[in-house]
Amino acid sequence: MLLGLKTELKLNNSERTQLLKHCGVSRHAWNWELGLTKQILDHNRVNPTEKIKFPSAIDLHKWLVALVKPEVDENDLCLGGEIPSGKPTRGSRKPKKATS
Numbered sequence: 001m002l003l004g005l006k007t008e009l010k011l012n013n014s015e016r017t018q019l020l021k022h023c024g025v026s027r028h029a030w031n032w033e034l035g036l037t038k039q040i041l042d043h044n045r046v047n048p049t050e051k052i053k054f055p056s057a058i059d060l061h062k063w064l065v066a067l068v069k070p071e072v073d074e075n076d077l078c079l080g081g082e083i084p085s086g087k088p089t090r091g092s093r094k095p096k097k098a099t100s
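Residue 1 is where the sequence shown starts when you use our numbering, and the numbers rise one by one after that.
Be aware that a few hints might be false.
Lysine to any residue pairs mimicking SDA-like chemistry, simulated, CA-CA at most 20 Å apart [stated by the list, open to error]: (1) LYS21 - VAL68; (2) LYS69 - LYS38; (3) LYS21 - LEU9; (4) LYS21 - ASN31; (5) LYS69 - LYS53; (6) LYS38 - LYS21; (7) LYS21 - HIS61.
Quick caveat, the hints were computed from the structure, so don't treat them as lab data.
A quick note: this is a predicted structure, and the numbers were derived from the prediction, not measured.
Turn these sequences into a full structure, and let the hints guide you.
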């Protein structure tokens, strides 16, 4: 006999917002991969001699990250690892003065 348990999450507004954001991102990734899979299947059906292999999960992850995240322009960073706003990057502190 199988038993099922129901659980209810009691979320505040910020937790509810975060949960909905995560669901939206997950749905976007699923729909993007589903569309890519359909395109590969359609291509392979039309061109049986030039079949395309399905990409691995690692390849799909790399492509999705490249699609979603904006690229950092190398010209935006100054020499020495400083951000143009003048704020130092992490780990670039001024040396402490030696006390005598």
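| message | Please verify whether LYS69 and LYS38 have alpha carbons no more than 20 Å apart. | response | Violated: LYS69 and LYS38 sit about 24 Å apart, past 20 Å.
| query | Keeping to a limit of 20 Å between CA atoms, is the pair of LYS21 and ASN31 held or broken? | reply | OK: LYS21 and ASN31 at ~15 Å, within 20 Å.
| CA of LYS21 to CA of HIS61, is that 20 Å or under? | With a Cα-Cα distance of about 19 Å, the restraint between LYS21 and HIS61 holds, given a limit of 20 Å.
| said: Just to be careful, I want the Cα atoms of LYS21 and LEU9 compared with a cutoff of 20 Å; is the pair within it? | reply: At roughly 16 Å apart (the allowed maximum being 20 Å), LEU9 and LYS21 satisfy the hint.
| field | Restraint check for LYS69 with LYS53, where alpha carbons must lie at most 20 Å apart | value | violated (25 Å)
| said: Check the hint pairing LYS21 with VAL68 against an upper bound of 20 Å on the C-alpha distance. | reply: holds (15 Å)
| task | For the pair supplied as a hint, LYS38 and LYS21, confirm whether the alpha-carbon distance does not exceed 20 Å. | result | violated (26 Å)
In terms of the numbered hints stated before, the structure departs from hints 2, 5, 6, listed from lowest to highest.
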